[in-house]
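> Respectively, the protein sequence lines represent chains A and B. Numbers in the working numbering are just positions in the first sequence, counted from 1, shifted up by 99. Numbers in the working numbering are just positions in the second sequence, counted from 1, shifted up by 261.
These are calculated hints, taken from the structure and not from any lab test. Positions of the beta carbon are idealized from the N, C-alpha and C atoms, including for glycine. Don't take each hint at face value.
To be verified - Each pair of labels, with its calculated beta carbon distance range:
1. B:428 x A:110: 45 to 53 Å
2. B:742 x A:506: 55 to 63 Å
3. B:438 x A:435: 50 to 58 Å
4. A:526 x B:704: 35 to 43 Å
5. A:365 x B:295: 17 to 25 Å
6. A:153 x B:690: 23 to 31 Å
7. B:604 x A:116: 43 to 51 Å
8. B:690 x A:526: 45 to 53 Å
9. A:506 x B:479: 36 to 44 Å
10. B:349 x A:114: 29 to 37 Å
11. B:742 x A:522: 55 to 63 Å
12. B:690 x A:435: 24 to 32 Å
13. A:368 x B:295: 20 to 28 Å
14. A:412 x B:690: 19 to 27 Å
What follows is each chain in one-letter form.
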Amino acid sequence: MKVKVLSRSAEEATRERSNDIHKIQRNLDPTLHPFEKAREYQRALNATKVERMFAKPFIGALSGHVDGVYCMAKHPKKLDWLVSGGGDGDLRMWSLSEQKSIWSTVGHKAMITGVSSFLNGTRFLSCSNDRTVKIWDPEENGTGSTTPVAVYTGKNAFSGISHHRSDNIFATSGSAIDIWDHDRAEPVQTLNWGVDTINTVKFNQTEKNIIASTGSDRTIILYDLRTSQPVTKLVLAMRTNAIAWNPMEAFNFVAANEDHNVYAFDMRKMDKAQNILKDHVSAVMSVDYSPTGEEIVTGGYDRTVRLFNARQGHSRDIYHTNRMQRVFSVLYTMDNKYVLSGSDDGNVRLWKARASEKMGVKDYRERAHLEYAEKLKEKFSSVPEIRRINHHRNVPKAIKSATKKKAIMIQSRKVKEENVRKHTKAENLKERIPERKKPVVGVKK
Amino acid sequence: MVEKKKEKKDPVLAIVPKYARGNAHEALDGVNKLENKKLKGTIKRREKQFKEAAYKAASSELLLTEEGGYLEPEGIEKTYQLTQSALKKEVDISTAHKMFTLDLKFGPYSIDYTRNGRHLLIGGRKGHVAAFDWQAGKLACELQLRETVRDVKWLHNETLFAVAQKKYVYIYDKTGTEIHCLRNHIEVNKLDFLPYHFLLASVGNAGYLKYQDTSTGKLVAEHRTKLGKCDVMTQNPANAIMHLGHGNGTVTLWSPNMTTPLVKMQCHRGPVTAMAIDHAGKYMATAGLDGQLKLWDLRSYKPMQEYFTPTPASSLSISQRGLLAVGFGPHVSVWKNPFTTKQTSPYMSHLQPGSPVHDVEFVPFEDVLGFGHRSGISSIVVPGAGEANFDALEANPFQTKKQRQEMEVHALLDKIQPEMITLDVEHVGKMDKAPIQVINKEKKEAWAAANPEQATELKFKARGKNSSSRRHLRKKAKNVIDQKKVDLLERIENDKKERAKRRAGNPDEPATALDRFSGKKRKL
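With the rest of the complex left out, here is chain A (with noise of 0.2 Å):
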């Protein structure tokens, strides 16, 4: 007879030494692992529930401006870099790692309307009011220098500068868009279509020539600067208040548009919005891509922050505060972990892109355990108890009333629209028009 006995040595299952690690046999067959699901599920909600627990964005506040900051730029290689621009002519610069000005002045006459960094080195532009586009230098040897390098002067008040990726030109809005060159005093070239001011122009980082700009006309106007020709005007149903291009892909641009709600493009398809991002209950001022062009990052004059999924409709996160008033500037910064917001009361807050992270350096288990509670929280997300915790914020009252009659409003928007489709003929009625087409009022190449 041939016997075989299962006989296990504990020498070759435990360690030798206190100083080796212990051995961990597995045996990955299922039966050994009874309650997989469930087990899974209950790891899920605890990790759904620590995410909330653990959510604490707000980082600081960097107080200084005496007026509300209306601008803000990051530097694309600078992590530690931040300037603003207050409404009452105030430039401050920012360490972000100190939280705290490293350098004031009051650079303008009047309110600062946009500031833009450059790809090389620490110099930066601003804009205002007061008609003026002067180049600052606060590192130029190293004396924190308040004299500008360079003054332009245009002829109407600026509304918004921004930076050529590479090239030492630069453009502003206005009555029209300038195109300037840091050695002309005069701008070399004007683009204009149409004969309203212009809010704001944004260089195409990745396809440099390009330019978006917004009018009060309701419009964004893409102008090409190797043809110096306009390439695409979009009349909207409501202003548009800022934009920001796709940093990964080139030809996408989100609009944060008067009607609360941030329209995302493309360039070659304007017909129709590619998303629409809802939440805001009142017009969004500005915004903002992350890094990875995964994210979105918006102010509202809802005084709300407010995270995006930039492939998702709704948005993922809210940040507010007691004392922060309107947003008029927003940004995600380049290392794809903060967001900066600034606003009507004057000063800059720094806030975590995802509220519970945990900063710092992360060991190889704890990483692992995340990488695994975040997509747990994943597979079981549309559980209705773990969604109903995932998805539950306090929000301040106004917010909550505003949410709660936009919901209302548009529901009945709806019936009303169905009641007249039910009640019109066959013949008469028309096709219904979708959703993303509908805030589209006309395009024009």
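Take the given structure of chain A and dock chain B to it, following the hints.
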């Protein structure tokens, strides 16, 4: 073509189905017809990931070092003729140490092993309880309780155990100190512990099945079986459903969430004496006083095989690799593969002379069968019983103290709520495919249950039925009948008929435009 040939040669592919979760073909059915490209891509990508995961898990079988035990007869040898003394000569010394008998005077003994198979708990009917690391021979504690002990059970690890005593259930720690007395559990015959839910289940003379949460101390559920005294209980390790065997031959399946049994099975023509369920939760073995040993398929609740036991079996146990141990009289016989094919002879058998067997149990991750009998406990070697490769993160026979503590914390964090015990373990996170009306109705009922005062206010009030004659009738004394009342009732009844007639109209009459105001819908 070349790739296909390669795939066929891959030996891992044969074992992939064991590790696959769900049916990939079913999940991908109709995906190509989806209009939503994003969704289509997501589903396909996910299925690909699942497939890859199953393949990787299957290929990790290569790393399993241990091979399961076996007995291979040569020539005319029969495995059931092999006695323990003959086997002892064939095996190594550490295995030989696992064959032992303890002569104890306080029997019959119930026994229980921890989930890693390392620790043994014995309880003699006359009040003797002992807990020890049976492989190392280290005694943890020994108690003389001086009252009847009906059952003993380890809780989640070897630090705590429960004992069903004469009246109450007590919980002791490993030093033998009494920690709790569970006064809700009265005259308990059988205990069981659900390790992933931290639930201690008990059933006794009164026929009440009680679930106590050992992590929070709350009594989770208390079910009246209405079938009298019960002393046969076992858990389905795959879905945590408790199976109770009753005096009338039925086996009932319970979860803490339903006050009535989930399933009732008529298994025997006499009382059920023993029951066991295999680790995958597919098969159940039951034995009755009618001399039958029946094997059931728990997916269809149908009998698969029926065996005859000369003496009614007193205890059953199924090992991790599917061996069935039957204790009857002073015998223990072990059957190999008894579920799918009808066996004619046992795999092994053992006689404990002069001492009826009370409780048999296979040791997890060992080729050992332990049993308690009238005059003590015994341990015999059954090659091929235990799973050869343990998973150290699930149950580790060589666990250190630190690992045990860590595992306890993790087990508590991952504790499954009792509400999640269902027949279908894959239930959570599944799509509810019921029609929308059913789902809405359920939602409504749940809401009504949660908000009883608002729900009652929503009563439909019928208007226009409150005529003066009815009010008059209402005000009158109910039990007095006078002529006026009779007249009134008659009039109301006549009016009603008249109204109905008027509403119905004359069926022969052609429909007019005014019919729309008559109240009754008529086809125009």
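> Evaluate the given range 36 to 44 Å for the C-beta pair formed by residue 506 of chain A and residue 479 of chain B.
Holds, at about 40 Å.
> Does the Cβ-Cβ separation between residue 526 of chain A and residue 704 of chain B fall within 35 to 43 Å?
Check passed, 40 Å falls within 35 to 43 Å.
> Is 29 to 37 Å respected by the C-beta to C-beta distance linking residue 349 of chain B and residue 114 of chain A?
32 Å, holds
> 23 to 31 Å was suggested as the range; check whether the CB atoms of residue 153 of chain A and residue 690 of chain B agree with it.
24 Å, holds
> Falls inside 45 to 53 Å, the C-beta gap from residue 428 of chain B to residue 110 of chain A?
47 Å, holds
> Would you say the C-beta atoms of residue 742 of chain B and residue 522 of chain A sit inside 55 to 63 Å of each other?
57 Å Cβ-Cβ, so the 55 to 63 Å window holds.
> Does the Cβ-Cβ separation between residue 690 of chain B and residue 526 of chain A fall within 45 to 53 Å?
48 Å, holds
> Mind checking the hinted window 43 to 51 Å against the Cβ distance between residue 604 of chain B and residue 116 of chain A?
For residue 604 of chain B and residue 116 of chain A the Cβ distance comes to about 49 Å; the hint holds.
> Just to be sure I understand the hint, the distance between the Cβ atoms of residue 742 of chain B and residue 506 of chain A should be within 55 to 63 Å; is that true here?
60 Å, holds
> Could you check the hint for me, namely that residue 690 of chain B and residue 435 of chain A are 24 to 32 Å apart, CB to CB?
Hint holds: Cβ distance 30 Å, inside 24 to 32 Å.
> If you check the beta carbons of residue 368 of chain A and residue 295 of chain B, does the distance land in 20 to 28 Å?
23 Å, holds
> Just tell me: holds or violated, for the beta carbon distance of residue 365 of chain A and residue 295 of chain B against 17 to 25 Å?
Between residue 365 of chain A and residue 295 of chain B, where Cβ atoms are some 23 Å apart, the hint holds.
Checked against the numbered hints given earlier, the structure satisfies every one of them.
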